[in-house]
Structures are given as structure tokens and as C-alpha cells.
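Each protein sequence line maps, in turn, to chains A and B. Each residue of the first sequence is one higher than the last, beginning at 4 in this note's numbering. Each residue of the second sequence is one higher than the last, beginning at 180 in this note's numbering.
Take the hints with a grain of salt, since some may be wrong.
Stated by the list, open to error - Think about it this way: if two alpha-carbon atoms lie no more than 27 Å apart in a straight line, the pair counts; the simulated DSS-like pairs of lysine-lysine are: (1) Lys624(B) <-> Lys274(B); (2) Lys274(B) <-> Lys97(A); (3) Lys574(B) <-> Lys593(B); (4) Lys469(B) <-> Lys434(B); (5) Lys469(B) <-> Lys654(B); (6) Lys5(A) <-> Lys593(B); (7) Lys641(B) <-> Lys593(B); (8) Lys574(B) <-> Lys641(B); (9) Lys43(A) <-> Lys593(B).
What the hints contain is simulated information worked out from the structure, not anything from laboratory work.
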Amino acid sequence: MKISREDVVRVAELAHLGLTPDEIETYRAQLDGILTYIDKLNELDLTNVEPMAQVLYTPATASARESHPELRDDTLRPCDVAGSVLERAPDAVKPFFRVPRVIDR
Amino acid sequence: MSAATAWTIAGVRAALQAKQISARELAADFYGRIDKRNAELNAYLTLSPERAYAQADRVDAAVARGETLPPLAGVPMAIKDVISTRGVRTTCASKMLENYIPPYDATAVDRLDRAGAVFLGKTNCDEFAMGGSNENSAYGPVRNPVALDRVPGGSSGGSAAAVAAGLAVAALGTDTGGSIRQPGSFCGIPGLMPTYGRVSRYGLVAFASSLDKIGPFATNVVDAAVVLSVIAGHDANDSTSAAVPVPDYIGETEKPVQGLRIGVPEDYFGAGLDPEVREKVQDGIALLEKLGCRRVPLQMPHTDYAIAAYYIIATAEASSNLARYDGVRYGLRVPGGTLTEMYRHTRERGFGPEVKRRIMLGTYALSAGYYDAYYLRAQSVRALIARDFADAFQKVDAIVTPTSPIPAFQLGEKALDPLQMYLADIYTVTGSLAGVPGISAPCGKTKDGLPVGLQIFAPHFKEGCVLQIARALEKAGGSTI
Chain A
4 MKISREDVVR VAELAHLGLT PDEIETYRAQ LDGILTYIDK LNELDLTNVE
54 PMAQVLYTPA TASARESHPE LRDDTLRPCD VAGSVLERAP DAVKPFFRVP
104 RVIDR
Chain B
180 MSAATAWTIA GVRAALQAKQ ISARELAADF YGRIDKRNAE LNAYLTLSPE
230 RAYAQADRVD AAVARGETLP PLAGVPMAIK DVISTRGVRT TCASKMLENY
280 IPPYDATAVD RLDRAGAVFL GKTNCDEFAM GGSNENSAYG PVRNPVALDR
330 VPGGSSGGSA AAVAAGLAVA ALGTDTGGSI RQPGSFCGIP GLMPTYGRVS
380 RYGLVAFASS LDKIGPFATN VVDAAVVLSV IAGHDANDST SAAVPVPDYI
430 GETEKPVQGL RIGVPEDYFG AGLDPEVREK VQDGIALLEK LGCRRVPLQM
480 PHTDYAIAAY YIIATAEASS NLARYDGVRY GLRVPGGTLT EMYRHTRERG
530 FGPEVKRRIM LGTYALSAGY YDAYYLRAQS VRALIARDFA DAFQKVDAIV
580 TPTSPIPAFQ LGEKALDPLQ MYLADIYTVT GSLAGVPGIS APCGKTKDGL
630 PVGLQIFAPH FKEGCVLQIA RALEKAGGST I
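Whenever a hint applies, use it, and build me the whole structure from the sequences.
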């Protein structure tokens, strides 16, 4: 068994997901099957293989402009969506989003 | 396809210029078709007639003034519901975003808008683009217009079904592990995944940021090329979009394929491949040989590890990207006594089972003690798969494979076993991990009349080559092979 009920509960907590007892068992069994399959990755010798986080990644050189033409200049641009974002928020008092009290005083 | 559904982009343009129809009348005609078919197909989640008619009126005014029309003038299009549309509800097929209205357009959408397209509405998909059957939508599955008891594929099932059923002339989909190519294959239309970075992801609701791509569905390869040429190109709002010039894709589709070397990796024709799919794809390859392509046998030894690597990387990125749905800034909020309770209730209620499963898997893979064993290992395997492609492209111009090991399956057939569903992505996730462009081109039908797709990969930014081969196959009668 790759993954226990306790593992599932811990992961659900990390991910802020509430799960019912039935869901815990369903996900445990399914994740166990998936992780067992994923063990395939252990068949390969990965010594000296650099992990690849991003395709088409170009390392930066001294001149970022030349090595990274896709990057724009770091200048301020107007962003006028704050009003419409707050209007559609679940609970907002301009200019803030409102959430349950976090700190008791 | 019946005569009534046979609009192409060039056909729309000619009809508008000849004043045989106005853009408004054309939009109304498509809304009429949607009215008749959508209850059954469930391809559209939201219709946007207000925006569509405003766009159509702009085109009609340009026609009246005798102006040169932009490339997509008056073309009725559908947009997958994970792509942001200003003022038009964008749900990601999730309860989490049931009432979410984006305040801005995705760059790809903005470019279509400027090119004169008419947005009919937003299409159904697997929730947050996670799935291969469209059965993970919170708003019900889509039916395949070719066979109503079958899935249209996923995750861009609604976009594929809408185009295949003549409810849009073209559509945008998104592809993370096969979500354009596989539904294209299941519904019998071309579906193109561009190179990673070819089309801006700005405004695409993120699933797996190192894998997500926006691309077109159309009824024919030339139309897919037209849409790609509109949406491709660098965007200052997406630092991963590439500053690489956009070639003339339409011109590329007309080039002869004589002399092109097409690699056929034997690793894509092993156990698990449906015999009828195998036969059709082999017929498609034989047809390409007849057109002058040279067949080169290939080995891509890490193919068998792609699913395992993909489902770690994609879910890890998803668990991080979907952390933003916490009830604070947009979308669903379910109240709780504390902030943490609010997060938990919101996410419990807002996400469907597949999304939760992937968040759990990704969170596990990134959690302390497992990061090296799963996430880093998967990234190293990704490097090996990318190397398989780089090595292959030393010897060949393009790689041809089946798109999916099986044709469209029955609704409900695979819904209970997530691993079996994941394993069906075997031929598409490889190219996703390598970031290369790929298309699914129609390649005959099974005895039951289910479409088969032939997948074509080419090196980074060689969409032109992919389109060229797909177009040659299409002209030579590939869809009825």
C-alpha cells in the first residue's frame, strides 16, 4: 500500500479540501492505484539528467534584452480593473476583500 | 456533413463580400442551429448573442463601407470556457466559477475580436480542463455529434462537438495533455496544439502552466491555419510567450509534401492500440508515402514513461494553480466560522471529484518527503522525453502516430476508473511534455463509423510543417480513407 488513510487526511488538510469518510477511502484507493503505476519512474536511471521545469527555457546572459526578447521593460502601466474586480467579489468593501476575522484582539 | 453546415472561413468571406448574407444574418443562422441541437449535445454552456451581434454589426458596417475585411470577418466562433471573455461568463465548467464574469479578454480572444470574429458563446469542457471525455463538467457531459451515445473526447469536448456539428465555423480549445488533439480525433475534425509559447496564455485560466496551450479546431486544415495565424505571436502580458516571428501558415498548407521524412515510432503502435485504429493510421501513413513522403522507422524509448511523468507534473502544477480558489476574491464563497473553514467549505463545494483527485495527487507529490521521489524525478523523465523528440528530429521532419489508442468510447464506460482514463492519453502527453506542436488530422473511420485521428508532431515552432502534412492528407481524402 503506497498511501494510507492518514496520508489522505494530511494531504486534504494541506490542500484545504474537506472530505467525507467515504471520500477519504475512495481517494485512498484511487491514489494508491495511480501512485503504484507512477512507480514506473523508478525503473529509469536518472543520474546526470537535469530536471526540466520549462520547455524552451533560455538561461539569462549579461544582457537580458538579448537573451530574453520576450521580457518587457519594467515600467508601470495603468491597470484599471480593480473596480470591476471588487464589484464582483463575494464580499468586498472597497478597496478591500472582506474575510472572517483572522486575529482576535 | 450536410450542405447547411458546410461554412468555411473562406466561404464566409466570399459570401459577405458578395453580399449574399450579412454577418448578422449568419450569426442568427448559427444561433438557430444551436437552438435546435444544443439541448441534445450540451456543447455550449453560455451563449453571448449581445456580444456576437455587436461584432457582426461592426463587420457589416465595414462591408457597407467597402473596406478590406480582416481575416476572420463575420466568422461564427466558439470559445472554450476556460478562456476569459470580457463581460461573458467563464465557468471553467466548474461550480466554483458558476457566476464568474471576467473583466478582460484573454489575448487570444482579443486577437480574434480584432480579426472580426463573432463569438457565439462559451463551450463545455472537463472541469478546469481536467479530463479526456468531457464527463467531468459540472454542467453535464457533451455528446459526440458523430455518435450520440459516445463521448466527444476531452477536455475541449464542447469546442470539438460544436465545430463537428456545424454549430460554429471554428473554435478555440486548450491542450495540456491532449485536450485539443484527442477530441479532434473523436469528433473527426482537425485540432491543433501549437508549440508551447506560440500563443499567449494571458487570460487562459491556468491548469498546468508549463503545459497549457491554446489552439484551434476547424472543419478543415486551412481554417485551422487561418485561426492560428491570428492568435499566434508574442504578447508582453505572458513572459512565456515566445518572441519568434509568425510565418505564413496559410502559405505553408499549400506546399507539397514530396520528399518530407516522416518518422513512425514503433513505440506508438504497441499493445493497447485498437486494431482498427492501427489499420487506419497505417493507411494514412501509406497515403502520405504515396504523396512522396519518406517513411523512417523510429524509436522513442521513453514513450512508456510519459503518462507517469505527465500526471505528476500536471497535477503538481494544478495543485498550486488551483490554490487561488479560496472564496476570497472571486467565484464561489461558502461561509465558515474561521478563514480556514471558509477555504475548506468553499473548495469542498466548488470542486468536482476529478479536480479534487488531481489537487490531492499534486499536493502529495509536492509535499515534504515526496518532492524528490515524485516531482523532481518526473521532471527528469520529462527531459528524457524531450530528448527523444530532439533526437528524432535529427532524422525526420515530422513524426506521425495515432492520436488516441481507441476511438470515441461510450458515455460512462471509463468514468469509474481514473487510471484507465489517464492511460488513454499515452500518445498525446509525450508531445505535451516536449512542448512541440501537434495536430490530429482526420484519418478514416472504424466500421462503426467512429472517426480516427492521425497525429503529426514537428519541431518547436514548425506548426507550418504539421499543417502542411495534415493538409496534404486532407486533400488526398484522408478523412474517408
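Do the hints match the structure? See the list:
1. A hinted pair counts as satisfied when its Cα atoms are at most 27 Å apart, and lysine 624(B) with lysine 274(B) does not qualify at roughly 36 Å.
2. Note on lysine 274(B) and lysine 97(A): the hinted pairing holds, with a Cα-Cα distance of about 26 Å set against a maximum of 27 Å.
3. With a C-alpha separation of about 38 Å, the suggested pair lysine 574(B) and lysine 593(B) falls outside the 27 Å cut-off, and the hint is violated.
4. Simply put, lysine 469(B) and lysine 434(B) have alpha-carbon atoms about 16 Å apart, close enough for the 27 Å limit, and the pair holds.
5. A threshold of 27 Å between alpha carbons decides the hint, and for lysine 469(B) with lysine 654(B) the separation of about 13 Å falls inside it, so the pair holds.
6. Annotation: proposed proximity of lysine 5(A) to lysine 593(B) holds, straight-line Cα distance about 24 Å (limit 27 Å).
7. Under the criterion of a C-alpha separation no larger than 27 Å, the hint pairing lysine 641(B) with lysine 593(B) is inconsistent with the structure, at around 35 Å.
8. This hinted pair checks out: lysine 574(B) and lysine 641(B) have alpha carbons roughly 15 Å apart, not beyond 27 Å.
9. With a C-alpha separation of about 23 Å, the suggested pairing of lysine 43(A) with lysine 593(B) holds against the 27 Å cut-off.
The structure is inconsistent with the numbered hints 1, 3, 7, although it conforms to all the rest.
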